[in-house]
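Visitor: Yeah, the sequence shown ends on 175 if you go by this note's numbering, and it's all consecutive.
Restraint ranges, calculated between C-beta atoms of paired labels, are given here: (1) Gly148 to Ala168: 22 to 28 angstroms; (2) Ile154 to Ser50: 25 to 31 angstroms; (3) Pro156 to Tyr113: 28 to 34 angstroms.
No wet-lab data here; the hints were simulated from the structure.
All C-beta atoms in this analysis are idealised placements derived from N, C-alpha and C, irrespective of residue type, glycine included.
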Amino acid sequence: MTHSCFSDLLLPHCLLALQAFPVHLPTFVARLLAFKVAVDTSKLPAVGDLMKAFARLVLGGDRSAWDRALVMPHYTAAGMPLLSSLQVMHFCQLALHRRCQLYDYGSEAANVRAYHQPTPPVVSDSYHMLRGVPIHLVAGLHDGVIPPANIELHYGAMKAAGVDVSY
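Working from the sequences, and respecting the hints, build out all of it.
Guide: What follows is the structure, given as structure tokens:
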């Protein structure tokens with residue numbers, strides 16, 4: 009499999025430069041302004057529709073009601089969620105390697121410290137460890153993050169490993 013120059017050379021270095029820098033609004037005022045924008049766009053139908061279209065575009069067609077979720081009481085200015093750049097790096101690794109594996113720390117030594125092996129474990133190789141634990145998988149019809157076809161692949165792999173799984 010060949011990769012572009014960006015994914016082979018630049019992307020890992022760009023991601024390593026971030027090193028767990030969180031995507032977070034650092035002050036209460038900034039979180040309050042972001043929350044206020046979410047509330048105001050919900051009151052202006054045209055702007056709200058534009059925001060929904062943008063969110064759908066960014067999230068791969070996901071039709072979830074993100075606009076309503078953002079103005080729920082648990083998303084207040086004091087407790088807005090954040091996303092770590094390490095999570096973003098892991099998502100990039102998953103896309104690059106095209107398999108569900110644990111986080112790759114970037115060197116054999118670091119992976120050995122974390123996993124006692126030079127490469128990160130592939131999740132599907134450990135499905136046999138779930139024998140005896142009932143598992144139920146759920147897939148959304150309009151999920152823009154994990155398509156139902158991916159869930160069906162995991163379902164088949166779990167069944168082949170002898171896991172008590174339903175879908």
